[in-house]
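Asks: Sequence:
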Amino acid sequence: MMTTENLIQQLSKLKFTNMVHHDFLLTWEKTDDELQAVFTVADVLRQMRENNISARIFDSGLAISVFRDNSTRTRFSFASACNLLGLTVQDLDEGKSQIAHGETVRETSNMISFMADVIGIRDDMYIGKGNAYMRKVAAAVQEGYDDGVLEQRPSLVNLQCDIDHPTQCMADLSHLIHHFGGVDKLKGKKIAMSWAYSPSYGKPLSVPQGIIGLMTRMGMDVTLAYPEGYDLMGEVEEISRKNAAASGGKFTKTHSMAEAFQDADIVYPKSWASYAAMEKRTILYGENDFAGIKTLEAELLSENAKHQDWECTESMMKKT
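Heads up, the sequence shown is in my numbering, so the first residue is 531 and it goes up one at a time.
Just so you know, the hints here were simulated from the structure itself, not pulled from any lab data.
Heads up, some of the hints might be wrong.
Straight-line alpha carbon distances no greater than 27 Å define the calculated DSS-like cross-link-like pairs of lysine-lysine that follow [unchecked claim]: (1) K659 / K810; (2) K848 / K800; (3) K783 / K720; (4) K849 / K836; (5) K666 / K810; (6) K780 / K849; (7) K780 / K848; (8) K720 / K666; (9) K848 / K715; (10) K772 / K719; (11) K545 / K717; (12) K720 / K800; (13) K783 / K800; (14) K783 / K810; (15) K719 / K780; (16) K733 / K715; (17) K715 / K772; (18) K780 / K715; (19) K715 / K810; (20) K800 / K836; (21) K543 / K715; (22) K810 / K836; (23) K733 / K810; (24) K659 / K824; (25) K733 / K836; (26) K666 / K719; (27) K783 / K772.
If you anchor each label on the Cβ, the simulated ranges turn out as follows [to be verified]: (28) F588 / E841: 31 to 39 Å; (29) E633 / T533: 48 to 56 Å; (30) Q620 / K848: 21 to 29 Å; (31) D589 / E765: 24 to 32 Å; (32) A572 / S832: 41 to 49 Å; (33) T634 / E841: 43 to 51 Å; (34) E765 / D599: 18 to 26 Å.
Note that the structure is predicted; figures quoted are calculated from it, not measured.
Virtual Cβ for every residue (Gly too), placed ideally from N, Cα, C.
Given the sequences, and given the hints that come with them, work out the whole structure.
Replies: What follows is the structure in structure tokens.
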């Protein structure tokens, strides 16, 4: 790994000033330099932490977390990162706030942001809702800042939405960069992003979508594998195709886990629900049809059970 001084020198050559007072919602909205800047800063912070050097850049201030779905790793990662920089984390429980009494997103966003430097949001359960909600919050705090209600505009970080999981995918890519010895060493490496059987239903699409949307920018050979009917969002697949074409990589799809694993350098087994099913669940939720949701879940569990052979086994790993 490069020295801290060399990393800081490398950082000075990158163009990333546009990230200041802006949000991190989708990796494909960021430039290559901006992504590289995140990895470089992460390495600097890692070295500071390992050498017991304080990384506090805040004397006070809040980091607001809003989790509309369960979380363990991301919740603690966000809290640890904010603490490292000197911020106090305050989790917003919407059920115990004035939101439960009808307060608008615009009102709440500005109220919680008076001393906030960052807002991290997880909203991944309903297609077409999560990322849109994050942008609504971002627009509200921008309006508050522009109108002088807020003296500073907190940045929003996507802690997983219906489209992408940028913090996890960036962490995964950072690990690969370190493992293979540099981002340039990833070019041509084959990664299999494969559906894998799980007895539970309804896992979000955002992890596989985030992985194919990010890894295709690195010139990698990205293979997406899933049983028929477990499609991802078409627009994310199209972004991945364009990324691969621009980076000199590949993006292919298959309905065979074995084919995806064949000669792969990296495998990423992960369960997810189909896009069509998640879309249907969102419609049922909007209609308050909870009986319909229960019926849908039973149907999908039954469908899942048909694909128990989609498992990352020792014999499957021998194909890599």
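Asks: For every hint, state whether the structure bears it out.
Replies: Each hint tested on the structure:
Distance hint between K659 and K810 is fulfilled; the C-alpha atoms sit about 13 Å from each other, no more than 27 Å. A threshold of 27 Å between alpha carbons decides the hint, and for K848 with K800 the separation of about 18 Å falls inside it, so the pair holds. For the hint linking K783 to K720, the alpha-carbon distance of about 13 Å falls within 27 Å, and the restraint holds. At most 27 Å may separate the alpha-carbon atoms for a hinted pair to count; K849 and K836 meet this at roughly 23 Å.
Distance check on the hinted pair: K666 and K810 sit about 23 Å apart at the alpha-carbon level, within 27 Å; holds. Our distance criterion of 27 Å between C-alpha atoms is met by K780 and K849, whose separation comes to about 20 Å. Of the pairs offered as hints, the one joining K780 and K848 holds, with about 23 Å between alpha carbons and a cut-off of 27 Å not exceeded. The straight-line distance between the Cα atoms of K720 and K666 is roughly 37 Å, outside the 27 Å bound, and the hint therefore fails.
For the hint pairing K848 with K715, the CA-to-CA distance comes to about 23 Å; that is within 27 Å, so the pair holds. Proposed proximity of K772 and K719 is supported: the alpha carbons are some 18 Å apart, at most 27 Å. Restraint check: the Cα-Cα separation between K545 and K717 comes to about 22 Å, which is no more than 27 Å; the hinted pair holds. Taking the CA atoms of K720 and K800, the gap is near 17 Å; set against the 27 Å cutoff, the hint holds.
Simply put, K783 and K800 have alpha-carbon atoms about 15 Å apart, close enough for the 27 Å limit, and the pair holds. Straight-line distance between C-alpha atoms of K783 and K810 comes to about 24 Å, which keeps the hinted pair within the 27 Å bound. Restraint check for K719 and K780: the C-alpha separation of about 10 Å stays at or below 27 Å, so the hint holds. A threshold of 27 Å between alpha carbons decides the hint, and for K733 with K715 the separation of about 32 Å lies outside it, so the pair is violated.
Using a Cα cut-off of 27 Å, the hinted pair K715 and K772 holds, with the two alpha carbons roughly 21 Å apart. Taking the CA atoms of K780 and K715, the gap is about 15 Å. The hint holds against a cut of 27 Å. For the hint linking K715 to K810, the alpha-carbon distance of about 41 Å lies beyond 27 Å, and the restraint is violated. For the hint pairing K800 with K836, the CA-to-CA distance comes to about 16 Å; that is within 27 Å, so the pair holds.
Proximity of K543 to K715 is assessed by CA-CA distance (about 20 Å); at most 27 Å being required, the pair is judged to hold. Using a Cα cut-off of 27 Å, the hinted pair K810 and K836 holds, with the two alpha carbons roughly 20 Å apart. At roughly 14 Å between alpha-carbon atoms, K733 and K810 fall within 27 Å of each other, so this suggested pair holds. For a cut-off of 27 Å, the pair hint linking K659 to K824 stands: about 20 Å separates their Cα positions.
At most 27 Å may separate the alpha-carbon atoms for a hinted pair to count; K733 and K836 meet this at roughly 17 Å. Restraint check for K666 and K719: the C-alpha separation of about 38 Å exceeds 27 Å, so the hint is violated. This hinted pair checks out: K783 and K772 have alpha carbons roughly 14 Å apart, not beyond 27 Å. Checked against the given bound of 31 to 39 Å, the beta carbons of F588 and E841, roughly 46 Å apart, lie outside it.
Remark: the range hint 48 to 56 Å for E633 to T533 is upheld by a beta-carbon distance near 50 Å. For Q620 and K848, the hinted distance range of 21 to 29 Å is not satisfied, since their beta carbons lie about 49 Å from each other. A C-beta distance of roughly 43 Å is found between D589 and E765, which places it outside the suggested range of 24 to 32 Å. Restraint check, A572 to S832: a C-beta distance of roughly 42 Å satisfies the suggested window 41 to 49 Å.
For the pair T634 and E841, the supplied restraint of 43 to 51 Å holds, since their beta-carbon distance comes to about 46 Å. At roughly 22 Å, the beta carbons of E765 and D599 sit within the given window of 18 to 26 Å.
In the structure shown, a violation is registered for the earlier hints numbered 8, 16, 19, 26, 28, 30 and 31, in ascending order.
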